[in-house]
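There are 2 protein chains.
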Amino acid sequence: MEHALNLAEKAALEDEVPVGAVIIQNEKIIGQGYNQREKSHNAIAHAEIIAIQKASHFLKNWRLIDCLLVVTLEPCLMCLAAIQQARMSGIVYGSLDPKGGAISLGYSIHEDKRTNHRFPAYFTETPRCSQILKEFFAKKRS
Amino acid sequence: MEHALNLAEKAALEDEVPVGAVIIQNEKIIGQGYNQREKSHNAIAHAEIIAIQKASHFLKNWRLIDCLLVVTLEPCLMCLAAIQQARMSGIVYGSLDPKGGAISLGYSIHEDKRTNHRFPAYFTETPRCSQILKEFFAKKRS
Chain E
254 MEHALNLAEK AALEDEVPVG AVIIQNEKII GQGYNQREKS HNAIAHAEII
304 AIQKASHFLK NWRLIDCLLV VTLEPCLMCL AAIQQARMSG IVYGSLDPKG
354 GAISLGYSIH EDKRTNHRFP AYFTETPRCS QILKEFFAKK RS
Chain D
254 MEHALNLAEK AALEDEVPVG AVIIQNEKII GQGYNQREKS HNAIAHAEII
304 AIQKASHFLK NWRLIDCLLV VTLEPCLMCL AAIQQARMSG IVYGSLDPKG
354 GAISLGYSIH EDKRTNHRFP AYFTETPRCS QILKEFFAKK RS
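The listed protein sequences derive, respectively, from chains E and D. Per my numbering, the first sequence starts with residue 254, numbered consecutively. Per my numbering, the second sequence starts with residue 254, numbered consecutively.
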């Protein structure tokens with residue numbers, strides 16, 4: 254989570270909503286990303302998506318087997334579904350997103366028995382993860 | 254839909270699940286894509302996502318305002334959520350995906366009043382859209 258937070262800080266420096274994500278396989282980081290929606294003019298360029306693309310490129314496989322995603326903010330539905338598409342083994346997130354988080358909104362697709370891949374999602378409260386977002390939006394408003 | 258079908262046929266020729274998508278703004282195609290998950294080693298490389306990335310690049314804006322997505326197959330949840338993230342104005346799909354389609358599975362996020370963007374999704378049955386998929390999987394099995 255420390256590394257994901259460093260990435261989120263990098264996003265904030267680039268005036269992007271500060272969210273960072275890393276993908277771990279066998280205790281090694283094989284993909285990472287931070288939100289770049291504004292800079293890249295791309296609605297899809299969330300931290301998790303960029304990390305998935307990098308890990309897939311690294312493994313030369315779209316299936317990210319035995320990979321864990323660690324992200325500073327609860328994933329939106331697009332990202333949670335992308336994690337499922339990539340067949341990842343689990344996620345850990347450091348802060349809640351009550352308005353935009355897939356799980357907070359009740360879209361627990363990662364537990365849906367009708368889908369062909371399920372995985373656990375752990376919320377590990379990490380105050381710095383929400384704090385960095387609050388600071389970013391407070392600065393934006395002022 | 255004719256153009257999206259041509260893209261799906263291109264996918265089939267490259268041994269990818271044949272799905273094609275185009276994005277239309279002011280009666281002009283501004284983005285298009287076909288499924289490239291295998292070739293690109295990328296779980297995210299669905300037809301819709303590639304089309305969104307191309308349209309965003311074309312408009313130099315992550316908001317695809319007044320854009321309609323036309324796709325040969327009902328979008329999965331990742332794609333439906335990506336369409337929402339991109340603030341598109343609507344989608345039309347030519348065949349149903351009872352096992353993997355977001356709407357068929359009951360995840361009608363495009364109508365969820367708690368989200369910050371909603372849009373209509375029209376199913377326009379186009380027999381060639383499902384036929385091309387059936388032919389692809391029949392060939393795979395034989």
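Derived by calculation from the structure, the hints in this document are not laboratory data. Be careful, since some hints might not be right.
For identical chains, the list gives no copy identity; a pair is met inside one copy or between any two copies.
Each computed SDA-like pair below joins lysine to any residue, with the alpha-carbon atoms no more than 25 angstroms apart [unchecked claim]:
#	residue 1	residue 2
1	Lys-263	Arg-316
2	Lys-292	Arg-394
3	Lys-292	Gln-278
4	Lys-281	Arg-367
5	Lys-387	Leu-312
6	Lys-352	Arg-381
7	Lys-307	Glu-291
8	Lys-352	Pro-373
9	Lys-313	Ser-293
10	Lys-263	Leu-321
11	Lys-292	Tyr-360
12	Lys-387	Asn-279
13	Lys-313	Lys-387
14	Lys-313	Arg-367
15	Lys-313	Thr-379
16	Lys-307	Ser-293
17	Lys-292	Arg-367
18	Lys-281	Glu-388
19	Lys-352	Ile-283
20	Lys-313	Ala-265
21	Lys-263	Ser-361
22	Lys-313	Glu-291
23	Lys-352	Arg-371
24	Lys-307	Glu-269
25	Lys-292	Glu-262
26	Lys-313	Glu-364
This structure is a prediction, so every number in the text was calculated from the model and none was measured.
The hints, checked one at a time:
Only between protomers do Lys-263 and Arg-316 lie at most 25 angstroms apart by alpha-carbon distance; the minimum there is 23 angstroms, versus 28 angstroms within a single protomer. In this assembly of identical chains, Lys-292 and Arg-394 lie within 25 angstroms of each other by CA distance solely inside one copy; the values are 20 angstroms within and 44 angstroms between copies. Taking the shortest alpha-carbon separations for Lys-292 and Gln-278, only the inter-copy value of 22 angstroms comes in at or below 25 angstroms, while the best intra-copy value is 29 angstroms. For the homomeric pair Lys-281 and Arg-367, neither the shortest alpha-carbon distance inside one copy (32 angstroms) nor that between copies (38 angstroms) is at most 25 angstroms.
For the identical chains of this complex, Lys-387 and Leu-312 are neighbours neither inside a copy (35 angstroms) nor across copies (30 angstroms), given an alpha-carbon limit of 25 angstroms. With identical chains, the CA atoms of Lys-352 and Arg-381 are at most 25 angstroms apart within one copy only, with a shortest distance of 19 angstroms there and 39 angstroms across copies. For a Cα distance limit of 25 angstroms, the shortest separation of Lys-307 from Glu-291 qualifies both inside one copy, at 19 angstroms, and across copies, at 15 angstroms. In this assembly of identical chains, Lys-352 and Pro-373 lie within 25 angstroms of each other by CA distance both inside one copy and across copies; the values are 21 angstroms within and 21 angstroms between.
Proximity of Lys-313 to Ser-293 under the C-alpha cut-off of 25 angstroms is found in both arrangements, the shortest distances being 24 angstroms within a copy and 8 angstroms between copies. Taking identical chains as interchangeable, the C-alpha atoms of Lys-263 and Leu-321 lie at most 25 angstroms apart only when both belong to the same chain, with a minimum of 22 angstroms there against 34 angstroms between chains. For the homomeric pair Lys-292 and Tyr-360, neither the shortest alpha-carbon distance inside one copy (29 angstroms) nor that between copies (30 angstroms) is at most 25 angstroms. With identical chains, the CA atoms of Lys-387 and Asn-279 are never at most 25 angstroms apart, being 33 angstroms at best within one copy and 39 angstroms at best between copies.
For a Cα distance limit of 25 angstroms, the shortest separation of Lys-313 from Lys-387 qualifies neither inside one copy, at 37 angstroms, nor across copies, at 28 angstroms. Proximity of Lys-313 to Arg-367 under the C-alpha cut-off of 25 angstroms is found in neither arrangement, the shortest distances being 28 angstroms within a copy and 38 angstroms between copies. Neither within a single protomer nor between protomers do Lys-313 and Thr-379 lie at most 25 angstroms apart by alpha-carbon distance, with minima of 32 angstroms and 35 angstroms respectively. Taking the shortest alpha-carbon separations for Lys-307 and Ser-293, both the intra-copy value of 16 angstroms and the inter-copy value of 12 angstroms come in at or below 25 angstroms.
Proximity of Lys-292 and Arg-367 under a CA criterion of 25 angstroms is satisfied in neither setting, with 37 angstroms inside one chain copy and 27 angstroms between copies. Neither within a single protomer nor between protomers do Lys-281 and Glu-388 lie at most 25 angstroms apart by alpha-carbon distance, with minima of 30 angstroms and 41 angstroms respectively. Taking identical chains as interchangeable, the C-alpha atoms of Lys-352 and Ile-283 are never at most 25 angstroms apart, the minima being 30 angstroms within one chain and 31 angstroms between chains. With identical chains, the CA atoms of Lys-313 and Ala-265 are at most 25 angstroms apart between copies only, with a shortest distance of 21 angstroms across copies and 30 angstroms within one.
For the identical chains of this complex, Lys-263 and Ser-361 are neighbours neither inside a copy (30 angstroms) nor across copies (34 angstroms), given an alpha-carbon limit of 25 angstroms. In this homomeric assembly, Lys-313 and Glu-291 come within 25 angstroms of each other (Cα to Cα) only across copies, at 10 angstroms, whereas the closest approach inside a single copy is 28 angstroms. In this homomeric assembly, Lys-352 and Arg-371 come within 25 angstroms of each other (Cα to Cα) both inside a single copy, at 23 angstroms, and across copies, at 15 angstroms. Within a single copy, Lys-307 and Glu-269 get their C-alpha atoms as close as 19 angstroms, and across copies as close as 21 angstroms, so both meet the 25 angstroms cut-off.
In the homo-oligomer, the alpha carbons of Lys-292 and Glu-262 lie at most 25 angstroms apart inside one protomer (15 angstroms), although the nearest pairing across protomers, at 34 angstroms, exceeds that limit. In the homo-oligomer, the alpha carbons of Lys-313 and Glu-364 never lie at most 25 angstroms apart, since the shortest distance is 27 angstroms inside one protomer and 36 angstroms across protomers.
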